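Protein chains in written order, with our numbering: chain W, 1 to 343; chain U, 1 to 343; chain V, 1 to 343; chain D, 1 to 343.
No wet-lab data here; the hints were simulated from the structure. No experiment lies behind these values; they were computed from the predicted model shown. Each hint should be verified, as a subset may be incorrect.
As the list claims (entries may be wrong) - Looking from chain V toward chain U, a few residues come up when the C-beta cut is under 7 Å (computed):
1. V57
2. S252
3. L253
4. A256
5. I269
6. E339
As the list claims (entries may be wrong) - Sample of chain D residues at the chain W side, in silico, Cβ under 10 Å:
7. E26
8. V148
9. G149
10. P163
11. P165
12. L166
13. V196
14. V247
15. V337
We put the CB at the ideal spot given by N, CA and C, even for glycine.
4 protein chains.
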Amino acid sequence: MTKTTAVAPLRIGVIGVGRIGRMHAELIAYQVPGAALGAVYDSSEPAARGVAAELGVPAVASVDEILDSELDAVAICSSSDTHVDLLIAAAQADKAVFCEKPVSLDLAEVDRALAAIDAAGVPFQIGFNRRFDPAHASVREAVVSGAVGDPHLVRISSRDPEPPPLDYVKSSGGLFLDMMIHDFDMARFVTGTEVVEVFARGALRIEPSFAQAGDIDTALVTLVHQDGCLTAIDNSRRAAYGYDQRVEVFGSLGMAVSENPRAHTGSVITADGERRPPNPDFFLGRYLPSYVREWLAFIEAVKTGATPPVSTADARAPLVIGLAAARSLREGRPVRVEEVQPA
Amino acid sequence: MTKTTAVAPLRIGVIGVGRIGRMHAELIAYQVPGAALGAVYDSSEPAARGVAAELGVPAVASVDEILDSELDAVAICSSSDTHVDLLIAAAQADKAVFCEKPVSLDLAEVDRALAAIDAAGVPFQIGFNRRFDPAHASVREAVVSGAVGDPHLVRISSRDPEPPPLDYVKSSGGLFLDMMIHDFDMARFVTGTEVVEVFARGALRIEPSFAQAGDIDTALVTLVHQDGCLTAIDNSRRAAYGYDQRVEVFGSLGMAVSENPRAHTGSVITADGERRPPNPDFFLGRYLPSYVREWLAFIEAVKTGATPPVSTADARAPLVIGLAAARSLREGRPVRVEEVQPA
Amino acid sequence: MTKTTAVAPLRIGVIGVGRIGRMHAELIAYQVPGAALGAVYDSSEPAARGVAAELGVPAVASVDEILDSELDAVAICSSSDTHVDLLIAAAQADKAVFCEKPVSLDLAEVDRALAAIDAAGVPFQIGFNRRFDPAHASVREAVVSGAVGDPHLVRISSRDPEPPPLDYVKSSGGLFLDMMIHDFDMARFVTGTEVVEVFARGALRIEPSFAQAGDIDTALVTLVHQDGCLTAIDNSRRAAYGYDQRVEVFGSLGMAVSENPRAHTGSVITADGERRPPNPDFFLGRYLPSYVREWLAFIEAVKTGATPPVSTADARAPLVIGLAAARSLREGRPVRVEEVQPA
Amino acid sequence: MTKTTAVAPLRIGVIGVGRIGRMHAELIAYQVPGAALGAVYDSSEPAARGVAAELGVPAVASVDEILDSELDAVAICSSSDTHVDLLIAAAQADKAVFCEKPVSLDLAEVDRALAAIDAAGVPFQIGFNRRFDPAHASVREAVVSGAVGDPHLVRISSRDPEPPPLDYVKSSGGLFLDMMIHDFDMARFVTGTEVVEVFARGALRIEPSFAQAGDIDTALVTLVHQDGCLTAIDNSRRAAYGYDQRVEVFGSLGMAVSENPRAHTGSVITADGERRPPNPDFFLGRYLPSYVREWLAFIEAVKTGATPPVSTADARAPLVIGLAAARSLREGRPVRVEEVQPA
């Protein structure tokens, strides 16, 4: 639990300290060995000052104070629509960059940001933290090691305990780009192959008001991978029993699976049967180890000069799949990912 | 284990005593209370005589000897291409009829047979035994009772331990009509709603020789139900870890699941982790209770005059879905089931 | 499911066709390859005639008709107080003998019967069927293979769904000799070592009327094995959730466990948590495969001339442990098994 | 994850910042809502200064500086032999006291300390954190709610990944007072009844050098509760598969169980069977939520004036059971707990 302070920690500035940014700031401050929190910035000065005071670091008044500082890296955790400009500025300032997903909902913008990063040659990692969850990572390892053979079928379920507010949904890019994008990343990650075709079906079953945002709350998507592997992904905005993610790779030699644990291991069995608790209902508790581990991977990459493990191609591809899914839903037909490219 | 002999057992003749017919004959003879095996017939006389001798009943030389007898019911377990004529003859002979699936691979022929049954008004049950498996049935019960609310998403996996011989595949109607038809039935059964659209993707990953039969060995299918429920079904002809069927209904209030048990409950845990046995590799062992229970349901229906629980509409609908899946695969687009109807 | 008839099946006569004897007769008749049911005897002639008619074999009027016949083996399934005389008679008649447990509740009588068997040199197997259960057998295998290292601690739970009738209890020998004797056998079986000391505590918590029989319905026993391994066994005559047996060997390199499966694998999870079915409530269903497997082992041993896998020493030792447990409970102290020997 | 700062946090000084004390200091500083870390003390000044610097609080040079301060409470986390004097001093200084177990290995000393606490009337809580683990707590809840009925049988296993160093063992009081004391507490906690008799058997199977300390590394203990409930506790100093605690209460209406989760939920199944990860190997990760929850319970009790939930009687009783277990092992007989009382 205690972080061991390395000789020369990576000094990191956090931009944006809403729910997810504050969590990253706390992890960097308290729990990630080899990292040090250098400063925090938020467009809300009181928010920045509150977090800064609690964590014992300066709250700066502008992003430039971070970019012009001696800090080694920045964590971009502000609202999605600010990511592209911040990424370009950080790249030009020669900072290593960790960025929460998505880079942008606009593919041309994504390409503009990623081009700047590539041009500057700075280390870049996108925040697909689930790759670092020990259970999901074990599924990937079973593919890499050959234990399950060639992937033939993949099943991924992601279901949230509660839908987000309508206002959030309106600017989220929709279920495919806001929620299922994690699963598109997971499909690429666990199989190690690219997706070539997407077929999507969706429904509005939970929250009728989402119709105002033109969004759905329930979806089932088929992905065809370049090697013929077939992936089924289902999403729901509300699982009555809590937070539910499951990943399964079925291959020529066997199957690897991961799931969310129940809230605890207690169980009661009577003449009526056995009763166990539901799933936990909040992602921070479920995925805390994955956030720490994604930071460790980023720090290791920056220190050794290696490319971070979830880099520019991984930031772009799930967005493309998500755009293809949205088009498939609109047009009622399977869509090739190559159809979804900037003009 | 011991069958209790009822006062007036239903006397049943079994037509066809290959693997599945012999099993039905043994169940009727030894394990199904309220039933009595009256006679067996097989196009191979030695096969019929062997089974008859072992079970202590007559082997008859023609189907007519069964149809013209005093027997109450017939079990049609011969090869699929004989089912339609036998069904019509049995209906005209006023016998209650249990028939192994499928009625026919030809929808017009199915309709001809089912029309004869409806005209005669004889009890009819089709052999979708998985409905009677206690685990899968508990999923249906969770929908009927309202425990899981309205079904939003269904996931069904069916994977066999080994692919059948190429010769079998050639006359089987293909994966959708031979194997996934059980899952199409299951999707209708657990949700209680009809399917309106099918999208299929398939691949040949296991047994390249199936290309000679124009068949696939791996498939992923999306079903859209009339109420908007979305179902994903995956099939594989070879699961290295044994026989695998899983059913899941996710609804507005929760989720119900069923799966195949491991071969036994033993487990060993060392520094390398925990090791449990693979799945059983044979369907008879896995589904034996379901076969007994489907007979009990048939007998109960015949005795009380009720319609058997898996009757003519249930014999027809999965075939239509399977034909739509095959067309979807051929044409690369979602297919409405109403597109698949006899001229 | 179908038994394959071997060229020269072992012809077996069953003595006693109450619940357990009838089951053995049916298994031999229908499900055990390599065995043939030759005749049945029961002290109740109508019972014998009923089973004989159903299974298509003769009902004989005396035990001698079986012992003087050409049959290869006898299965002694009559009431416990007849076992010793039948064993001696069967040994003198040179029959291979399968005997339900216990040989006798009187150790001197046990020794008299086993001496007769040893003197005659006939194959002998005692009916500790749980050794043949695939799950429990896998625990033993994990010890034999060295996977779990040297056994340090063993935990065994056995709990029945319902207590037997008081009349049965009065002649049963008490909980230690009637019920826990299976667990004493299991402790020796899975560890492969003898027990040297027993400490027992018991209580009457479920069925106060058992006080009339001087019996308990709940017990916890500590066994010390000759190599220092320590075993805890608990028994209850009533588990509200069904039939429960669990075995665990903890050793220097890991742990092996087995348990009873739930009634089926269905599960429902809602906001209130997950619900699974209780255990099955009847031992025949739970242990059917073990009964078939114990017959296969017996037949194999008889045919090859090997000593059956659960033979005279295994018939005697659990009884001695049970007698030591009873004395420990009476005297409130640990008892060495060597204290319990015939005068 | 973020602690919410209450209006008037309980200000706590931590005495002793070795492994467990440092953890408590960090929890109070960062993760326990309603608490504030006021100061730390350690007999090693550099250790105190290091922790103080990291957590941003003063390191004081003497215990008196804490006792004479305005702080509301002290956490006694120093070595066990200092607990009695510190408890008495803290009571006299009118501080609320949280104390790591054990109070002392000497029952007369325990009584002296607890008498001082009772005399001063200060809130006191002993650190039996496992009571606050959600899984184990659910077992207790199933007894309190009546779900499992009257407890008849309890099974508790506790096994550590690795034995402690011999030097630690020499001053630990031995396995019963150092390790199994948690399980004695658990037996009282989950049943809600006192223990009246103890029978212990132990062995040295893992670490022969412990013979120098007169200690064992493997033990099996029977407890008889005042209502006749029977408890089996087994302990091992080394489980090859990781950290293992399991609790089971079997009662008249059913059974409640808890166990340690596997390291993660990933699983791979092939023709060789299923493989899951071993248990986690460190107690801090396993029991972190329980430590936070025990602090919340303490703070709530202090703020409301209620008696903390694990108070003086709970500090004393497990020690008495442990002393009885040690005597039982020495003397080879069951020992009544009333035999173990100060002169």
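Checked hints:
Checking V57(V) against chain U by beta carbon gives a least distance of about 12 Å; that is not within 7 Å, so the hint is violated. Because the smallest distance between the Cβ of S252(V) and any Cβ of chain U comes to about 10 Å, over 7 Å, the interface hint for this residue is violated. The criterion of a C-beta within 7 Å of any C-beta in chain U is met by L253(V), whose closest approach is roughly 6 Å, and the hint holds. For A256(V), the interface hint holds, since its Cβ comes within 7 Å of a Cβ in chain U; the closest pair sits about 5 Å apart.
For the restraint placing I269(V) at the interface with chain U, the shortest Cβ-Cβ distance is roughly 5 Å, inside the 7 Å limit, so the hint holds. Restraint check, E339(V) versus chain U: the minimum CB separation of about 35 Å is more than 7 Å; hint violated. Proximity of E26(D) to chain W holds as hinted, the smallest CB-CB distance being about 7 Å (cut-off 10 Å). Hint status for V148(D) relative to chain W: holds, with the closest Cβ pair at about 7 Å, below 10 Å.
For G149(D), the suggested interface contact is upheld, since its CB lies about 9 Å from the closest CB of chain W, less than 10 Å. Residue-level restraint check for P163(D) is violated (minimum Cβ-Cβ distance to chain W is 23 Å; threshold 10 Å). For P165(D), the suggested interface contact is broken, since its CB lies about 21 Å from the closest CB of chain W, more than 10 Å. Nearest Cβ of chain W to the Cβ of L166(D): about 26 Å, over the 10 Å cut. The hint is violated.
For V196(D), the interface hint is violated, since its Cβ never comes within 10 Å of a Cβ in chain W; the closest pair sits about 27 Å apart. Of the supplied interface hints, the one on V247(D) holds, with its beta-carbon coming within about 9 Å of a beta-carbon of chain W, less than 10 Å. For V337(D), the suggested interface contact is broken, since its CB lies about 29 Å from the closest CB of chain W, more than 10 Å.
Consistency note: the structure conflicts with the earlier hints numbered 1, 2, 6, 10, 11, 12, 13 and 15.
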